[in-house]
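Going down the list, the sequences are from chains A and B.
Note that the first sequence covers residues 1 to 319 in the working numbering.
Note that the second sequence covers residues 1 to 250 in the working numbering.
What the hints contain is simulated information worked out from the structure, not anything from laboratory work.
Ideal Cβ placement from N, Cα and C applies to all residues, glycine included.
Hints may be right or wrong, so weigh each one.
[To be verified] Calculated cross-link-like contacts (lysine-lysine; reagent style DSS-like; alpha-carbon spacing at most 30 Å): (1) K67/B / K223/A; (2) K67/B / K93/A; (3) K81/B / K223/A.
[Unchecked claim] Covered, in the sense of this in silico footprint (three residues per stretch, anywhere, with C-beta under 8 Å from a C-beta of chain B), are these stretches of chain A: (4) 176 to 185; (5) 211 to 225.
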Amino acid sequence: MNSRSALRPLLRATRFQCLNSPRHFTQNSVAHAESSQPTNHERTTHFGFETVAEAEKEARGKPVLVAGVFSNVAENYDTMNDFMSLGIHRLWKDHFVRSINPGTSTPSSSSQTSPSPGWTMLDVAGGTGDIAFRLLDHATNINASPSSTITISDINPSMLAEGRKRSLTTVYAHSSRLSFLLANSEHLESVSDNSIDLYTVAFGIRNFTDQPKALREAYRVLKPGGVFACLEFSGVTNSLFDAVYKRWSFGAIPLIGQLVAGDRASYQYLVESIEKHPKQEEFRDMIREAGFEVPGKGWEDLTGGIAAIHKGIKPVVKS
Amino acid sequence: SSLIPPQHRNTMASKRLLPLSRRAYHSYTHPQPPGPFTAVESSILSAAIPHIPTHGFTHTTLSLGAKDAGYVDASTNLFPKGAFSVVHYHLWSQREALKKHVPRLVGEFGEAGKGTGRKVMALTWERLRGNEKVVHRWQEALAIMAQPSNIPTSISELSSLADEIWFQAGDTSVDTSWYTKRATLSTIYAASELYMTTDRSEGWRDTSAFLERRFEDNMRLGGVVGSVGQWVGFTARAGVNVLRSKGVRI
Chain A
1 MNSRSALRPL
11 LRATRFQCLN
21 SPRHFTQNSV
31 AHAESSQPTN
41 HERTTHFGFE
51 TVAEAEKEAR
61 GKPVLVAGVF
71 SNVAENYDTM
81 NDFMSLGIHR
91 LWKDHFVRSI
101 NPGTSTPSSS
111 SQTSPSPGWT
121 MLDVAGGTGD
131 IAFRLLDHAT
141 NINASPSSTI
151 TISDINPSML
161 AEGRKRSLTT
171 VYAHSSRLSF
181 LLANSEHLES
191 VSDNSIDLYT
201 VAFGIRNFTD
211 QPKALREAYR
221 VLKPGGVFAC
231 LEFSGVTNSL
241 FDAVYKRWSF
251 GAIPLIGQLV
261 AGDRASYQYL
271 VESIEKHPKQ
281 EEFRDMIREA
291 GFEVPGKGWE
301 DLTGGIAAIH
311 KGIKPVVKS
Chain B
1 SSLIPPQHRN
11 TMASKRLLPL
21 SRRAYHSYTH
31 PQPPGPFTAV
41 ESSILSAAIP
51 HIPTHGFTHT
61 TLSLGAKDAG
71 YVDASTNLFP
81 KGAFSVVHYH
91 LWSQREALKK
101 HVPRLVGEFG
111 EAGKGTGRKV
121 MALTWERLRG
131 NEKVVHRWQE
141 ALAIMAQPSN
151 IPTSISELSS
161 LADEIWFQAG
171 DTSVDTSWYT
181 KRATLSTIYA
191 ASELYMTTDR
201 SEGWRDTSAF
211 LERRFEDNMR
221 LGGVVGSVGQ
231 WVGFTARAGV
241 NVLRSKGVRI
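Pulled out of the complex, with its shape left as it was, chain A reads as follows (with noise of 0.2 Å):
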């Protein structure tokens, strides 16, 4: 791993700045931000390159820590995307919604009587909208399917705000096809067992907490048959172009940050995460472990690797 030899000076930096500026994300000042040690009873997880509880009560635990990220960027969040992939998460976010393909029906004998009911979809962690209006206009337009429905799901407000205000300018804007939902993906309580056709995550699961937890919910809520699908950053196979991203990532993305949105401490949060989530192979594995059954070797590589598709689908237990 030759890059982390190299990012050690970028990475003993960021741990000078977090000591002498603790991030500030929540509204009220962390004056504790030296007793950030959990104790030893309560589990932790990664915040980038941060050791944090996971508890949510806690006034430095993830979920507040992540929700402060979000609130901060919810407004420029497609510029943030911009800078981070050169614009190419357009081109990544469209692959995404053709390859699964969303409102396809078969013709039976009953489709001649009765219109065929549609894809029941669930964007989890959607909440500024990209992937569910183009599933939607992808099922509407291209597969003819205008019953298919989408539900939104943020555990952010101001995401979900900013979705519902995105929808006013669509077609769907008022419509029963597309329904907004404020909550945790570990916890999808409003969601029945066996109910969604289509799961999809993008560039949301490197944010949960327990992403176990979150894979076995997916698992609860689709119905046998129904499909996993998951686009988020993931690692680079060329190890020469890995040098140049993992540079161009630490060293100049924070700094665009800091200049463009005046908030170098969540584009910092965003580009450790990436770092810290797991890479192809060991998330295809997560993946089975839910119980899904993985198409081919289970993901497809964006752009050399930056990005990844990784799908799955719930098997059907045969009585």
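Following the hints, put chain B in place on chain A, whose structure we already have.
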């Protein structure tokens, strides 16, 4: 798994779940490796096969198969190659089905080692018969197989078919004729299969005659190549000797 140190756990997990190695040869002492399809894929694709005559080799057939197997339309995401998975499954399942003809052929032509040529022709004919229900859609399948990303799999299926036919017919050659036999059978089979897509005769009579002519050509070709080789060798040696007689030092 608690005995496995953490740094090895993930790599071991991914190794355990990799498919068994796909041997390129038959073995009498080891069980056959699993085919290219998992249990879930097989259940959907085998349910899709009966829909081919009506809907052809298309995404619709795949989603009808998913419906019949108890899955939903979204489950077609299990097949990133789309309709080619249906084609591949048809090729693979027809090749596996050749085994059941072997006892009858052994009874007709004799035990292993006897009548190999006739067994090969009979098995090739049985494989062509296997396409009967879908032959009116076969040109679609050929077009899909010719797409660049599908060509490696298609060629490997054709060579596996030729190998399977020779193996079931009792071929035990261990020299270069192993390769030439399979190469010639591949071309004969591919040509006959294509001919069959335009055949309108009763009981595929014309295809059967076409197949016999191809086998005859093959045998004659063997003799012709041998004769040409002999002539070229003789002429070259004669030419060298004439030059030597003129004083050229070769």
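Evaluated hints:
1. K67/B / K223/A: holds, 13 Å
2. K67/B / K93/A: holds, 28 Å
3. K81/B / K223/A: holds, 23 Å
4. 176 to 185: Three-residue rule not met by the stretch 176 to 185 of chain A, so violated; n is 0.
5. 211 to 225: holds (count 3)
The structure fails to meet hint 4 from the earlier list, while all remaining hints are met.
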